[in-house]
Amino acid sequence: MAQATTAYVLKGGRVVDPRAGRDGHFDIRIENGLVAAIGKDLPLEGARVIDVPADFVITPGLIDMHVHLREPGQEHKETIATGTWSAVVGGFTGVACMPNTDPVNDSAAVTQFILKRAAEAGFARVYPIGAVSLGSMGDQMTEMGDLRAAGCVAFTDDGKPVATALLMRRALEYAGMFDVPIIEHCEDPSLKGDGVAHEGAVAAMLGLRGIPGVAESIMAERDISLAEITGGRIHVAHMSARQTMRAVRDGKSRGVRVTCEVAPHHFTLTDEALKGGAGYNTNLKMNPPLREEADRLAMIEGLRDGSVDVISTDHAPHHADEKALEFDRAPFGIVGLETCVPLCLDRLVHSGVISLSRFVELLSANPASLLKIPGGTIAVGSPADLTVLAPDAPVTIHTAALVSKSKNSPFDGWQLRGATAATVVSGRVLYTNPTVPGAEVFAAAV
Amino acid sequence: MTAATRLRSRHLLGIADLDPDEIELILDTAVAMKEIGTRTIKKVPALRGRTVVNLFFEASTRTRLSFELAEKRLSADTMGITVSGSSVTKGETLADTARTLEAMSPDLIVIRHAASGSPHLLSTICKAGIVNAGDGTHEHPTQALLDALTMRERKGRLAGLKVAIVGDLLHSRVLRSNVLLLTKMGAEVRACGPATLIPLGLKALGVHVTTSIDEAVKDADVVMMLRVQHERMVGLFLPSLREYFTLFGLTPARLEHAASDVIVMHPGPMNRGVEIDSAVADGPWSVILDQVANGVAVRMAVLYLLAGEELT
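Chains as they are written, first to last, in our numbering: chain A, 302 to 747; chain B, 22 to 333.
With the rest of the complex left out, here is chain A (with noise of 0.2 angstroms):
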């Protein structure tokens, strides 16, 4: 990645950085792309000087491990160019992408792939995952330790579970020897059927086939109790049901290496929502699906209480032609990387579910020290990947205007409090939000 070869200076910004222990003023000093030193009233020679408003924060880069970046396969939906920008417009500096793509990422070579056209695009930084077993079909494991080689930070057949309790077993006990998670898209085939929304009373009002919180809660128990003998870690994927929070609590609670993520749909919506204007928005379909008001209740007492580790948006661009379909027919997921910012300051850290620190925990330190990847943290001699926050400013999202190719969200026209102004990935400044007030002060460091 090219780097900036001049010096600035950040001044006065109040950096919330958990990991390092800093919550206030501090000025960070970049140079070649690195973070030269942080520190009250630093020596500005030599360096341009960028005075950071007054009530920006300054965090971490934001690290996404849960986007779904389509390429190579299916270009129409998203690329991992536009994947990339989409993340740097919504604050991240890292994504980690899923391996169901066309071919899936099960060998070395389309690992390389994916970080080559990542290079190419020189956006936010991309750590591939890769498959758990050959086109994730569930019989043969994948070369780990080559994927590993390559440069795959954690390995999952998302989209659908690891098919076999052995399978997971040996999967577990193999990435071990590597110390990477295997992420589980949690979810028994059997109970989940060809479901298309939550089981509940809107499914059953609405006539759509019903996906029980339970079909995840059983696979997560399963993980668990492999997880347990194996020693292996297990992190459960886009967690939406109470029954899974339980048992990821009760794993945790004996010890166990789990850990779990949350997307930001799962705490903002119910399958309420599905009733709203004409009725079967496909943009609310998703998997898992939205769920009732106790399971959205119970993933904003994990947040709050720390049992859940990680805020990831499972960003799923599709094709508008994709999505206007029968409900039946339309596939799964929604855009998340760009909505995910606003939607958690609003939701949790203005309405005091979480602090910013903790934010800053779930959304970059988690991620980081999870997959093992560099960030989380803002430390000397590192890269500099920063997210600037404009907490206080109002956004109102227009799924029209999102960069990503494809606009599949349900939050068209929400408004909110808090908005990224600007993302700074190895020193460069990649984006500065021109709607914030202030944010263009951050041009000059370009």
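Bear in mind the hints are in silico, worked out from the structure with no lab data behind them.
Pairs of lysine-lysine residues, derived as DSS-like cross-links and limited to a Cα-Cα distance of at most 25 angstroms, are as follows:
no.	chain 1	residue 1	chain 2	residue 2
1	A	706	A	417
2	B	148	A	576
3	A	624	B	148
4	B	224	A	576
5	B	205	A	576
6	A	624	A	708
Model the placement of chain B on the given structure of chain A, informed by the hints.
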């Protein structure tokens, strides 16, 4: 609430969208329409010059014929399109089919589709009024309206009636529309079926849910039997049809505990010996053929109220 003189929506997507006074309006209009069917010349010019498209994506005989007859009796120009399920593989989406039809300027599109919510999708695309003739496992509003007309004819009222609905509750759009209509009109609904075929959340609709047919039928004014689609039931949902009939089949003996003037209904097509004993289907309680006749009248009323308003 003051009596409605017209429907508030230009679509009939489901009973869920209707207020009680609109339901009364449709039923009252259907009574007038029914008289037309008794004439020698069974035709009025109410929809003359109007175009109605019947878009059927699912096999249907009685509903399609009933709509066609209703349209003809109102003098509408009609087009019928029956699209087999395999047309999906030809690649045209429902939205594109709708736009193609829309270009021919129909006044109403009557749609039957296997996917719940398909009429709602059409209503966001088309200028024409959309009539739901059954969408997936969601609603079948004209069926519930014809059932209500039949009950009202026989019992003189809907409020306070004890109605037992027995069968495959999970997959039945007839159940959903009937529950919505009957609870709106103040009837007491008991829903009965095997535990494997009861949707979660049915109780929340204000329905008494039971797995005992005797409990459901006790003192009932109306017993409505739902079709068991046995081709996809046996194995996963039911051990056998024999056991289904033993536990849930409606027999003359079971009817003895109902109200003395109980009527028995069935939306058809019936599986004799599966959900209903022939002695009941052909017996004095049965109003199944009245339902068919009322179907035409109710559909005339709906079409007229949606597309014929300006002509009156």
